[in-house]
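Number of protein chains: 2
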Amino acid sequence: MLKLKIPDHQVAGHQAKTGIIGPLIDDSGKFYKPLQDDGRGSHELAFYTSLYSDPRIPSNILNLFPNFHGTQVVEASDGSGLHPHLVMEDIAGNFTNPAVVDFKIGSRTWHPQSSEDYIRKCLKKDRESSSIKLGFRISGLRSVSPSNQCWQPQRKFLMDLSAEDVILMMKKFVSSDGNADEPDCVFASRVYVPVLEELLVLKKWFEVQTIFHFYSCSVLVVYEKDEKDEKRTARAVVKLVDFAHVVDAKGAIDHNFLGGLCSLIKFVKDVLAGLGDFEISNSKP
Amino acid sequence: MLKLKIPDHQVAGHQAKTGIIGPLIDDSGKFYKPLQDDGRGSHELAFYTSLYSDPRIPSNILNLFPNFHGTQVVEASDGSGLHPHLVMEDIAGNFTNPAVVDFKIGSRTWHPQSSEDYIRKCLKKDRESSSIKLGFRISGLRSVSPSNQCWQPQRKFLMDLSAEDVILMMKKFVSSDGNADEPDCVFASRVYVPVLEELLVLKKWFEVQTIFHFYSCSVLVVYEKDEKDEKRTARAVVKLVDFAHVVDAKGAIDHNFLGGLCSLIKFVKDVLAGLGDFEISNSKP
Chain A
1 MLKLKIPDHQ VAGHQAKTGI IGPLIDDSGK FYKPLQDDGR GSHELAFYTS
51 LYSDPRIPSN ILNLFPNFHG TQVVEASDGS GLHPHLVMED IAGNFTNPAV
101 VDFKIGSRTW HPQSSEDYIR KCLKKDRESS SIKLGFRISG LRSVSPSNQC
151 WQPQRKFLMD LSAEDVILMM KKFVSSDGNA DEPDCVFASR VYVPVLEELL
201 VLKKWFEVQT IFHFYSCSVL VVYEKDEKDE KRTARAVVKL VDFAHVVDAK
251 GAIDHNFLGG LCSLIKFVKD VLAGLGDFEI SNSKP
Chain B
1 MLKLKIPDHQ VAGHQAKTGI IGPLIDDSGK FYKPLQDDGR GSHELAFYTS
51 LYSDPRIPSN ILNLFPNFHG TQVVEASDGS GLHPHLVMED IAGNFTNPAV
101 VDFKIGSRTW HPQSSEDYIR KCLKKDRESS SIKLGFRISG LRSVSPSNQC
151 WQPQRKFLMD LSAEDVILMM KKFVSSDGNA DEPDCVFASR VYVPVLEELL
201 VLKKWFEVQT IFHFYSCSVL VVYEKDEKDE KRTARAVVKL VDFAHVVDAK
251 GAIDHNFLGG LCSLIKFVKD VLAGLGDFEI SNSKP
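Sequences listed follow chains A and B, in order.
Numbering-wise (full-length UniProt numbering), the first sequence opens with residue 1 and increments by one.
Numbering-wise (full-length UniProt numbering), the second sequence opens with residue 1 and increments by one.
Hints are computed from structural coordinates only; laboratory data are not their basis.
Please note that a few of the clues may not be correct.
As the list claims (entries may be wrong) - Reference excerpt, derived from the structure (chain B facing chain A, CB under 7 Å, subset only):
id: 1; residue: I132
id: 2; residue: L134
id: 3; residue: G135
id: 4; residue: A163
id: 5; residue: E207
id: 6; residue: G251
id: 7; residue: A252
id: 8; residue: I253
id: 9; residue: H255
id: 10; residue: L258
id: 11; residue: G259
id: 12; residue: G260
id: 13; residue: C262
id: 14; residue: S263
id: 15; residue: K266
Every residue, glycine too, gets a C-beta built ideally from N, C-alpha and C.
Turn these sequences into a full structure, and let the hints steer you where they fit.
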């Protein structure tokens with residue numbers, strides 16, 4: 001039988017707690033996401049199926065999505081019995097000490113076909129968070145310093161950040177200790193230079209693709225904080241995650257995702273521009 | 001005393017009718033927009049003042065805004081007496097037979113500081129129109145064929161267009177007779193090649209500018225339909241108009257406008273791509 005455990009590094013989404021089914025991981029780098037009953041699970045399954053069978057998606061774009069391994073019935077995280085799960089790549093699984101941030105992209109997390117009740121709920125959250133203002137919000141982030149100090153700001157705090165707050169969080173994310181008042185940004189260019197490259201690839205595709213509209217979808221960034229792990233320190237990973245609210249594009253580009261993505265790109269550029277030349281050349285791989 | 005008249009070519013916004021104050025034009029190419037009492041007029045005035053005094057706005061971007069000539073008190077369009085007006089460039093004023101289209105940009109026409117009542121009204125309109133789906137909506141368009149047939153679809157019809165409908169309207173707009181079932185697209189590349197150029201200039205600025213957020217603002221496109229007027233047939237004009245809902249950017253790019261602008265750019269490209277090579281080379285200036 002599979003030995004599954006609750007992941008340490010999940011920063012957003014439904015988390016495994018007593019009484020709530022959450023995701024699980026195994027030792028071989030797979031992530032098990034419980035199939036939600038309300039149609040979202042089957043919707044995400046349908047998306048993965050169409051994504052990997054659509055010849056219009058270029059391979060450099062497919063690389064930005066997690067590998068998908070179908071569904072599997074496994075024991076739920078709360079021990080309540082067998083439950084179907086989506087099985088995909090555990091993006092943080094290959095890292096010794098992964099630092100993870102989840103940017104939920106788009107100022108609007110609902111699409112026109114949503115129910116009135118769902119729209120009301122999402123709109124409230126979008127207005128109360130930074131989504132409407134910035135075009136995205138930080139859904140979660142987490143890193144552990146070399147001296148084993150965990151930095152994981154509360155979700156409520158992250159919800160409504162100003163532009164300046166986002167810059168500060170993005171700097172702390174690439175600093176040796178997120179809990180320090182003054183971020184040292186030692187990992188800034190090692191992380192944000194490749195992240196910027198990947199986001200620009202994604203932007204180019206979003207400027208033309210009229211296949212999908214991605215609502216409530218996130219850009220996940222993961223990098224290795226354990227500097228002894230040389231294999232992993234080379235490149236930060238960027239992946240799109242959460243596809244329970246992807247809909248048909250109906251002939252238009254996804255202007256909502258694209259706008260938010262361009263906003264995130266500007267923030268990444270601003271963080272990089274704020275570094276001294278020394279820092280950039282010093283922390284390049 | 002100034003001789004003012006009601007413009008023929010206005011396609012969107014408040015129009016002069018009996019009992020309603022509308023805009024006026026004079027013979028020297030000026031457009032008089034009544035200063036609205038509810039704060040919108042003074043807001044637009046403040047925007048023009050800050051736009052033309054802000055050294056951060058590059059000159060190629062300033063060219064995309066109408067020239068502004070301050071305010072003037074003139075007789076209102078309904079004859080009800082003197083009223084303050086904003087005085088700006090009459091964009092269609094220099095044309096013999098102008099064809100005009102107004103694209104209201106952005107899937108969201110309200111900003112976070114708006115009143116609950118205003119947000120509710122705008123959101124309803126954004127959802128009922130193509131704004132939410134396409135990132136912009138056509139607020140109005142008008143052209144007069146050489147045989148003097150006026151084509152001006154009703155606002156209600158224009159509100160909720162699908163992607164295919166927008167393509168058709170954009171093709172009719174650059175055809176000799178908009179009323180014909182089959183658009184001949186004879187002006188397509190003469191209009192949309194320079195329009196695309198200007199929109200790409202605008203896009204580049206919106207990817208970086210964190211000065212203004214433009215809500216409920218339009219891109220106006222005007223071209224000369226009178227082919228005898230050789231001076232004017234050279235280049236279509238692109239201008240941003242309507243700044244009653246411009247707010248401070250607070251450190252973020254205008255992802256809402258940028259997303260809608262990118263969507264419009266994709267439509268312009270699609271119309272151009274749909275033309276045969278013959279048509280493109282044949283109708284170039």
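Discussion item. For the restraint on G251/B, tell me whether the closest CB of chain A is nearer than 7 Å.
Written reply: The hint holds - G251/B has a Cβ within 7 Å of chain A, the shortest such distance being about 3 Å.
Discussion item. Less than 7 Å between beta-carbons is the criterion; does L258/B satisfy it with respect to chain A?
Written reply: 5 Å, holds
Discussion item. Tell me if the interface restraint on G260/B is satisfied: Cβ within less than 7 Å of some Cβ in chain A.
Written reply: 6 Å, holds
Item to complete: Go through the hint on L134/B and say holds or violated, using the shortest Cβ distance to chain A against 7 Å.
Response: 5 Å, holds
Discussion item. Please check whether I132/B passes as an interface residue: C-beta within 7 Å of a C-beta belonging to chain A.
Written reply: With Cβ-Cβ at 5 Å, under 7 Å, it holds.
Item to complete: Double-check E207/B for me: the hint is only fine if its C-beta lies closer than 7 Å to a C-beta in chain A.
Response: 6 Å, holds
Worksheet entry | Closest C-beta approach of G135/B to chain A relative to 7 Å, hint status | Where the cut-off is 7 Å and the nearest Cβ of chain A is about 3 Å from G135/B, the hint holds.
Item to complete: Mind checking the CB of A252/B against every CB in chain A and telling me if the closest is under 7 Å?
Response: With Cβ-Cβ at 5 Å, under 7 Å, it holds.
Discussion item. Tell me if the interface restraint on H255/B is satisfied: Cβ within less than 7 Å of some Cβ in chain A.
Written reply: With a minimum Cβ separation of about 3 Å from chain A (threshold 7 Å), the hint on H255/B holds.
Worksheet item: Minimum Cβ distance from C262/B to chain A below 7 Å?
Response: 6 Å, holds
Practice prompt. With a cut-off of 7 Å on the beta carbons, see whether K266/B makes it to chain A.
Written response: 5 Å, holds
Discussion item. I253/B was flagged as interface toward chain A. Is the shortest Cβ-Cβ separation under 7 Å?
Written reply: Hint holds; I253/B Cβ to chain A Cβ min 5 Å, cut 7 Å.
No hint from the list above goes unmet by this structure.
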